[in-house]
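Chemist: Residues per chain, in single letters:
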Amino acid sequence: MVSATATATNGNGHENGVGDGVVIDCRIENLYYGDFHAVRDTHVPIRKGTITAFIGPSGCGKSTALRCVNRMNDLVRGFRFSGHVHFRGQDIYGRSIDPVAVRRSIGMVFQQPNPFAMSIYRNVAFGLRLNRFKGDVDEQVERALRGAALWDEVKDKLSASGLSLSGGQQQRLCIARAIATEPEVLLMDEPCSALDPIATRRIEELMLELKERFTIAIVTHNLQQAARVADWTGFMMVDTSRGGRTGYLVEFEETKKLFDEPAEDLTREYLQGEFS
Amino acid sequence: MSSAPPRAVTISRPPSAREIFVNRAFRGLTHVFAWATIVLLAYILFEIGSLAVPAMNEYGADFVTGTTWDANREEFGVLPEIMGTLYTSLIALVIGGALGVAVAIVLSQGFLPPVLEHLMKNIVELLAAIPSVVYGLWGIFVVIPTVRGPAEWLHEHLGFLPFFDTRLSGPGILPASLVLSIMVLPTVAAISREAMVAVPHKLREAAFGLGATRWETILGVVLPTASAGIFGAVVLAFGRALGETMALAMLVGNANVFGWSLFSPGNTLASLLANHFPEAGRVEVGALMYAALVLTAITLIVNVIGSLIMIRASSKMQGLR
Ligand SMILES: Nc1ncnc2c1ncn2[C@@H]1O[C@H](COP(=O)(O)OP(=O)(O)OP(=O)(O)O)[C@@H](O)[C@H]1O
Ligand SMILES: [Mg+2]
Chain A
64 MVSATATATN
74 GNGHENGVGD
84 GVVIDCRIEN
94 LYYGDFHAVR
104 DTHVPIRKGT
114 ITAFIGPSGC
124 GKSTALRCVN
134 RMNDLVRGFR
144 FSGHVHFRGQ
154 DIYGRSIDPV
164 AVRRSIGMVF
174 QQPNPFAMSI
184 YRNVAFGLRL
194 NRFKGDVDEQ
204 VERALRGAAL
214 WDEVKDKLSA
224 SGLSLSGGQQ
234 QRLCIARAIA
244 TEPEVLLMDE
254 PCSALDPIAT
264 RRIEELMLEL
274 KERFTIAIVT
284 HNLQQAARVA
294 DWTGFMMVDT
304 SRGGRTGYLV
314 EFEETKKLFD
324 EPAEDLTREY
334 LQGEFS
Chain B
1218 MSSAPPRAVT
1228 ISRPPSAREI
1238 FVNRAFRGLT
1248 HVFAWATIVL
1258 LAYILFEIGS
1268 LAVPAMNEYG
1278 ADFVTGTTWD
1288 ANREEFGVLP
1298 EIMGTLYTSL
1308 IALVIGGALG
1318 VAVAIVLSQG
1328 FLPPVLEHLM
1338 KNIVELLAAI
1348 PSVVYGLWGI
1358 FVVIPTVRGP
1368 AEWLHEHLGF
1378 LPFFDTRLSG
1388 PGILPASLVL
1398 SIMVLPTVAA
1408 ISREAMVAVP
1418 HKLREAAFGL
1428 GATRWETILG
1438 VVLPTASAGI
1448 FGAVVLAFGR
1458 ALGETMALAM
1468 LVGNANVFGW
1478 SLFSPGNTLA
1488 SLLANHFPEA
1498 GRVEVGALMY
1508 AALVLTAITL
1518 IVNVIGSLIM
1528 IRASSKMQGL
1538 R
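Sequence order for the protein chains is A and B.
As numbered in our numbering, residues 64 to 339 make up the first sequence, in order.
As numbered in our numbering, residues 1218 to 1538 make up the second sequence, in order.
One should not assume that every hint holds.
Only pairs whose alpha carbons sit at most 35 Å apart, straight line, appear in this in silico DSBU-like list of lysine-lysine [as the list claims (entries may be wrong)]: (1) A:K197 / A:K111; (2) B:K1419 / A:K218; (3) B:K1419 / A:K274; (4) B:K1419 / A:K197; (5) B:K1419 / B:K1338; (6) B:K1338 / A:K111; (7) A:K220 / A:K274; (8) A:K320 / A:K111; (9) B:K1419 / A:K220; (10) A:K197 / A:K320; (11) A:K220 / A:K197; (12) A:K220 / A:K319.
Below, a sample of chain B positions facing chain A; criterion: calculated Cβ distance under 10 Å [as the list claims (entries may be wrong)]: (13) G1266; (14) G1327; (15) V1416.
Worth flagging that the hints you see were computed from the coordinates, not collected in a lab.
Note that CB positions come from ideal geometry on N, CA and C, so glycine has one too.
Isolated chain A, as found in the complex (with noise of 0.2 Å):
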């Protein structure tokens, strides 16, 4: 199956001339919500492997590019979209394309903790149980919960409800219940924004040992969250000229390349109103 899905993204990879190893080719052309035009012209290639991040000033577009990726904004009303999201060598936006599959592949960390009102076991469990999964469901709740740095804080209460854990450990248990399944891509809008430095630390070491198996795309404002675990990096910006707030993307780049040597001049702008 992973080979499979490798040549296919691969033949694909190259047809679009955006390079080997290429899971997800994302190019969005133009998205709407309702009248309002959110983003333009952003596209980004998530390679196999690695971890992609998206930076840049709030509100222009990195969740909104990000939940395109596992078609999370069919949900809402007066969504539109033009471009395309190739996954596997196919559109994900295609109409026999059933979008509960593909979220079943890529899964996603939301920019707010939801974690459901039910025990913390059964928030991980949730969908293992969604994909029928045969094995040992208590050995992967704990692998999961490990994984995302709260094990040790909930092993005496995993009957406690989801909603009885802090900020950040809501925010970790949900890491946890989207890495439970072992998703081909995962994508993480804000992951540590909750979270003290040694528990982003903990997800930052989760996220690099996760990129051996898997695919990460993380929107994050931590510009140094990105240098140390990005591979990619795209820079978005918002363009007010045209009388909206449209976002768009600026650059993309190996991360070294484009911390050390942007070539856009907003984006040596930003990261310097950033670092300096």
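Once you've looked at the hints, dock chain B with the ligands against the given chain A.
Modeler: Just chain B with the ligands now, kept in the frame of chain A:
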């Protein structure tokens, strides 16, 4: 200049005496109204109770276990009525509850465009505004003729079951329960819809994000999260069904017997009261007051349980905002 008080640097200031007074007055007023409802309830119970005292002394606990209601011999028992009340209400609750929850799902989970959803929601709530007597007439002229055929068939073929072992002769438990289930539907639908709407969107998003289908999301996340609220809705509807009078007086058959057969006529406490008051003599009025007290007690217990569940529901949702 030096005599001027130091100018505050901030815009914030403590509330003025007037604001504090208005706040206190408003709070006092809400207290008065809140207590007034409790006093009113206590007063009604006291009045009914004092009228019922002679009958209570006379018949005691035999009243709730007795099965005859004979004003001439001054023999009064309401066991058939208690059973009939609970039986019709329970059937109504099973049917109306299931339908009501289904309606709430359809009207809250994005199955319909928002405008249509809003319209339908209002129409369902309008069902609650139809007068009870109209439901009764509908039951007599529509429901009874409609169920007659199926009832006959069930009796012929499944008559060995206690639920079908008599013929439907017109009014009876089944038509009464069916009409009652339509009457409680708006209560269940409206309140459980509220509970489902109150489930934060981000939880549905989380479920969809894990690759749940719409039904998996509804059954796995929305209903469990709203479950306490839905249960509260069902209990409140039960309270309504117990006390429903007019439609049942028209449809239940007013026979002072109780049988498990859905097709047999029966009676409920509320329709007993409605039917016997007009011609009741002094002694019978006392007994009817006693019956009213029994009904009130049953309804009160059910409502208190319902409220407790609602309180638990809102506390369970607290971490969600
Ligand atoms: N569901 C929605 N309906 C309408 N407009 C939306 C919706 N979600 C986002 N937007 C708009 O789209 C634009 C981009 O939003 P988005 O959430 O993608 O920003 P972001 O880059 O993730 O910002 P932040 O860093 O603050 O999270 C914003 O102007 C926002 O108002
Ligand atoms: Mg965002």
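Chemist: Which of the listed hints are broken here?
Modeler: Those not satisfied are hints 6, 10, 12, 13.
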